[in-house]
Amino acid sequence: MTETISPALPSSVELGEIVEQVWSSFLDGEIISMPGEDAPPAHNQQMVASVSISGDWTGHLMIVTGKDCAELIASNMFQMEPDEISTAEVADAIGEIANMVGGSVKGMVGVAAALSLPQVVLDASALVNLDARKVVSVSAQWNGHPVEISLWERSTVGRSETARKGA
Amino acid sequence: MRILVADDSMVMRRIVIRTMRQAGYDVSDIVEASDGRQAYETVMSDEPDLVLSDWNMPEMTGIESLRAIRAAGSNVLFGFVTSEGSDEMRAEATAAGAAFLITKPFTADTFRDVLDAFV
Chain A
1 MTETISPALP
11 SSVELGEIVE
21 QVWSSFLDGE
31 IISMPGEDAP
41 PAHNQQMVAS
51 VSISGDWTGH
61 LMIVTGKDCA
71 ELIASNMFQM
81 EPDEISTAEV
91 ADAIGEIANM
101 VGGSVKGMVG
111 VAAALSLPQV
121 VLDASALVNL
131 DARKVVSVSA
141 QWNGHPVEIS
151 LWERSTVGRS
161 ETARKGA
Chain B
1001 MRILVADDSM
1011 VMRRIVIRTM
1021 RQAGYDVSDI
1031 VEASDGRQAY
1041 ETVMSDEPDL
1051 VLSDWNMPEM
1061 TGIESLRAIR
1071 AAGSNVLFGF
1081 VTSEGSDEMR
1091 AEATAAGAAF
1101 LITKPFTADT
1111 FRDVLDAFV
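Taken in sequence, the protein lines are chains A and B. Under this note's numbering, residue 167 is the last one in the first sequence; the count climbs by one each step, no gaps. Under this note's numbering, residue 1119 is the last one in the second sequence; the count climbs by one each step, no gaps.
Chain A extracted, bound-state conformation:
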């Protein structure tokens, strides 16, 4: 198995700045990041949006928040009332937030890599990431809701990626 290389990953302050830029562009109300602090657990159903970065550095960018916050994010982005928002629209909105933050992170990491399409889990009571470790995280508050943004580094590359690199 091949170890992933360790490029210059963003610091928690830089990750917080990326998040603040995305929030200020598309969402009402300031997101207040608290770099280095652990986020309190979401009070209700935990929602997770992630994108993967695969290549010379491999890992995931994850955004975790509660159902109420995710619905508010979708409501803001669609400019619709929260009770008009469907589950699919919530998934679309938080997935797109992960996509934008992940794209900026990938640019900052600066290695040859591909960004995946976003994946969203709408009710994650417990999320275990078996093959990755959290390397950077930002805890934040938006409209009173906790939001955690984290960057996970995969410890190994998959077999198909190893084969491609060797080709």
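Hints in this document: simulated from the structure, not taken from any laboratory. Note that CB positions come from ideal geometry on N, CA and C, so glycine has one too. Accuracy of the hints is not assured; some may be wrong.
Unchecked claim - Stretch-level coverage of chain A by chain B, calculated; a stretch enters the list once three of its residues show a Cβ under 8 Å from a Cβ in chain B:
1. 72 to 81
2. 99 to 106
3. 138 to 150
Given chain A, put chain B in place with the hints provided.
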């Protein structure tokens, strides 16, 4: 002006259209596509004047869609609106015939700064 907005995210298509309106452009004639293949087919069938396309989409990516559009003989004004904007991607976009690349997140000012030269 007919504008094709191609993005697999519905909310991002809404935001792109809203931002075009905020930037002062006419958005009365909009067509949408939710993947690269649909974008290609819509360019062929609807002949838009401008395409604003995401890069990373299912079925066909934005760059694959652009190459297919150019291969089919269309010279439609085409720009990317994407979450990534590395030098390599910009060069690839230009080589394939894109006029510009706007990175997400963006504002109405960003759209005006880039689009005023073309629209």
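**Violated constraints from the hint list, given by number and in increasing order** = 3
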